[in-house]
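Chemist: Sequence:
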Amino acid sequence: MSREPRYIHHVNFPTTDPDRTAAWYAKVFGMKRIQPKSNTRVVLMTRGNFDLHFTPVEEMERMAPYHFAVEVDDWDDFLEHLKELGIRHTRPIQRPENQSKFCYIHDPDHTMIELVHHAKRPN
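Under this note's numbering, the sequence shown has 69 at position 69, and the numbering climbs by one with no breaks.
Keep in mind the hints are simulated off the structure, nothing from the lab. For every residue, glycine included, the Cβ atom is placed at its ideal position computed from N, Cα and C. The hints are all genuine.
Below 20 Å or equal to it, Euclidean Cα-Cα: the simulated EDC-like pairs (lysine to aspartate or glutamate) are:
{"id": "1", "residue 1": "K32", "residue 2": "D51"}
{"id": "2", "residue 1": "K32", "residue 2": "D17"}
{"id": "3", "residue 1": "K101", "residue 2": "E71"}
{"id": "4", "residue 1": "K101", "residue 2": "E80"}
{"id": "5", "residue 1": "K27", "residue 2": "D109"}
{"id": "6", "residue 1": "K101", "residue 2": "D76"}
{"id": "7", "residue 1": "K83", "residue 2": "E71"}
{"id": "8", "residue 1": "K27", "residue 2": "D76"}
{"id": "9", "residue 1": "K32", "residue 2": "D107"}
{"id": "10", "residue 1": "K27", "residue 2": "E114"}
{"id": "11", "residue 1": "K32", "residue 2": "E71"}
{"id": "12", "residue 1": "K27", "residue 2": "E84"}
{"id": "13", "residue 1": "K27", "residue 2": "E80"}
{"id": "14", "residue 1": "K120", "residue 2": "E97"}
{"id": "15", "residue 1": "K120", "residue 2": "E71"}
Okay, the calculated beta carbon distance ranges per label pair:
{"id": "16", "residue 1": "G48", "residue 2": "N12", "range": "11 to 21 Å"}
{"id": "17", "residue 1": "H118", "residue 2": "E80", "range": "17 to 27 Å"}
{"id": "18", "residue 1": "R41", "residue 2": "E97", "range": "40 to 50 Å"}
Can you build the whole structure from these sequences, using the hints too?
Modeler: In structure tokens:
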């Protein structure tokens, strides 16, 4: 048995509109909504390799100060996907030292999401 964690199981964010949030993550990242067996207020979304949970709240006072990152395989294709969906992103930044690119988008509740592409992964 190892004391080291295997991976992050899920991350939970607040949402002011559970159905809108579920639809947004489905169309942007291809996530599927899972029906919870208990705590039916929480929205459970999965891609198979990562899960996101969303807890309904009445209102949010300000934009979430934190973010999570999603790695994409085809940078140009994913940016085209965002354009087709009408989702704006920040100006992409490229890191020449590892040939990675990143930019940011926001979900409907203003949770910041970093999009990352690694053309060449460091060893």
